Amino acid sequence: MNTRRNTRTITRAVGALAALALVATACGGDDDDATPAATDPPAEDTSDDMSDDMSDDMSDDMSDDMAMECETPREASLQLQWFTQAQFAGYYAAVDQGFYENHCLDVTIVEGGLDIVPQTQLANGDVDFALAWVPKALASREAGANIVNIAQIFQRSGTLQVSFADAGITSPADFAGKKIGNWGFGNEYEVFAALGAEGLDPASDVELVGQNFDMVALLEGDIDAAEAMTYNEYAQVLEAINPDTGELYTPDDFNVISYEDVGVGMLQDAIWADADKLANDEDYRSLAVSFVAASMEGWMYCRDNVQECADIVLAAGPTLGASHQLWQTNEVNKLIWPSENGIGYIDPAAWDRTVEIAQGTPNLEGATVLTAPPTEGAYTNEIVEEAWTHIQTGDDTTGSGFTAIEVTLNEGGN
Amino acid sequence: MSVRRLLVTVVPPAMFGVLFVVAWEATVKGFDLKPYFLPAPSAIWDAFVDNPGLIRSAAFVSGSNALVGLVAGTLLGVAASFLLMRFNLLNELVSPLAVALNAIPIVVLVAVFQNMYASTSEIPRRLMVTLIVFFIVLTNVAKGLRQVHATHLELMRSYAASPTMILLKTRIPNALPYLFTALKIAAPTAVITAFVSEYFGGRQNGLGYFIPSNFANSKTAVAWAYVIGACLLGLAFYLVSIALEAITTHRRGSVPGGATA
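Protein sequence lines, in the order shown, are assigned to chains A and X.
Those letters in the first sequence? Residues 1 to 414, per the working numbering, in order.
Those letters in the second sequence? Residues 1 to 261, per the working numbering, in order.
Derived by calculation from the structure, the hints in this document are not laboratory data.
Being a predicted model, the structure only gives us computed values, none of them experimental.
Hints may contain errors.
Stated by the list, open to error - Here's a subset of chain A near chain X, in silico, CB distances under 10 Å, partners left out:
| # | residue |
| --- | --- |
| 1 | GLN119 |
| 2 | ALA123 |
| 3 | ALA143 |
| 4 | THR245 |
| 5 | PRO362 |
| 6 | GLY366 |
| 7 | SER400 |
As the list claims (entries may be wrong) - Restricting the straight-line Cα-Cα distance to at most 30 Å, the calculated cross-link-like pairs of lysine-lysine (DSSO-like) are:
| # | chain 1 | residue 1 | chain 2 | residue 2 |
| --- | --- | --- | --- | --- |
| 8 | X | LYS169 | X | LYS143 |
| 9 | A | LYS277 | X | LYS143 |
| 10 | A | LYS277 | X | LYS34 |
Backbone N, C-alpha and C define an ideal beta-carbon position, used for all residues, glycine too.
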């Protein structure tokens, strides 16, 4: 019977296809729909118009020589780690306010996502610069990605572990026997470091639960403590309605453990560049200096103009709304300012602590982030120091007088 | 199967596989590809040999989710196909709905199921596998029950056989090969579905978590080692479904077209 033979052939083929698909899914490519609703691309048109005007005004009194030289702006692209949000406010502000243009740059901001690994995008030559957390980027570097940290924008870690106040989890020692949420994908090292510091075995002393990038699991009581960023997920719980009161939750409803305060904070958002090109390509090097300088101007602008900066991000189409972006801008400012050594400076002590934790903390699989110290040239302060001399919009690069504002969150971040 | 036949069937694909791995290794070494981009097969093998316990326990988690879903989905699918065959109206009502449901992407349904259960529960993953398997079994078995030779039916009617007898003697035997075809498709699909459902949160214990997580951490050799585990698991499910078919059909003595197995 031929039909039967055909069925057999077809099922074999399906089996083979399935096996292929198995590998493909295993590689983690199939996630597009899992990520939060895609946001609109940044509204470049409007910002271009605005920045044209700005740059005309500014170039007159600030950088005549530069404006004269700048006939065709140099193109540069920046890979973000996540979707458009105020975590990247400084870069959006630098586009919007024409800081990049003043440095004769035409910068394209490339949105990130759950599965996008910025530092490998950079190492593959797809973008000119990438934002990445230091431990993750160092892991890629150990795996052969030749990249270098040229500016440490966030000076401290913004990772928290948030639990309901009645759960009584006030320090990592209280994690024992609890369901501890974490994000995985390289965002969990501080959780493991805190466990390790308390002598807890991540495999047996706690139950680790993969957390979606939201706080639903905590609010519904599925987990006892959730990983959260000060500037994002923590705000999300404060934007949720407490069913008992009918009002928004307040900070009093929660216990918050800051990994920075606990002493296991690891360096986060930094600008990474291609190490080969930085060493051998003079054009790329000067591109890097200009890019870092203008980006710093963006962050200085956001420090001094929190509301305007949040509005700029809002215009770029983030997922969450106005009060959330204002909160986020304010919280991110706290991670950057004050920068005692000057914005972007890579503090060797914080660097060494990050590396030490990355080398010494075993995860669920018993592996550490790094197996050896990073090789020579994993970071440089040369670019930052040179960039400081190119800053055109003021000289307060440390923000020693910085004070955060008070932000009132609305339901759902609106 | 004779030794010569075995050689003829096994050697060419084995040779191809070996050549493929050698070419892969040579490409990585020759072009000095970095591990973050593509690890060499030798590095993957080292990672595989270094982590047998982890890979086994992860495969066990994913495998048991796939198995539970596969069994539940098959039972439900078979039961539903009997119902659909018996009540034609039901068939006309349910079939379009089934097709529509089946078109909803896994990712959407996983999210729905995960909202319904605690995030540490394995139930959403198993439900997902059950659902996928259910449709494969349902459509195939329903077809097998219905597409009976007209001559067979006429013969049974001429014997004045009751509907139950027709079901037992004609329809069910006809549907059996369809069931095993469905199982052969459903078994690897169940494994894949189990991986994919692990991807969207829940306990961090299965292959579907460790593979993307290790890729994200630039531990690509380890990630590929888990992929080997995933391939072995999928293959095991597929082989078992084939073996099951071979045993059952042999016992019934109804392998058509001679000894093709």
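Do the hints match the structure? See the list:
no.	hint	in the structure
1	GLN119	holds (8 Å)
2	ALA123	holds (7 Å)
3	ALA143	holds (4 Å)
4	THR245	violated (23 Å)
5	PRO362	violated (12 Å)
6	GLY366	holds (8 Å)
7	SER400	violated (37 Å)
8	LYS169(X) x LYS143(X)	holds (16 Å)
9	LYS277(A) x LYS143(X)	violated (63 Å)
10	LYS277(A) x LYS34(X)	holds (17 Å)
The structure fails to meet hints 4, 5, 7 and 9 from the earlier list, while all remaining hints are met.
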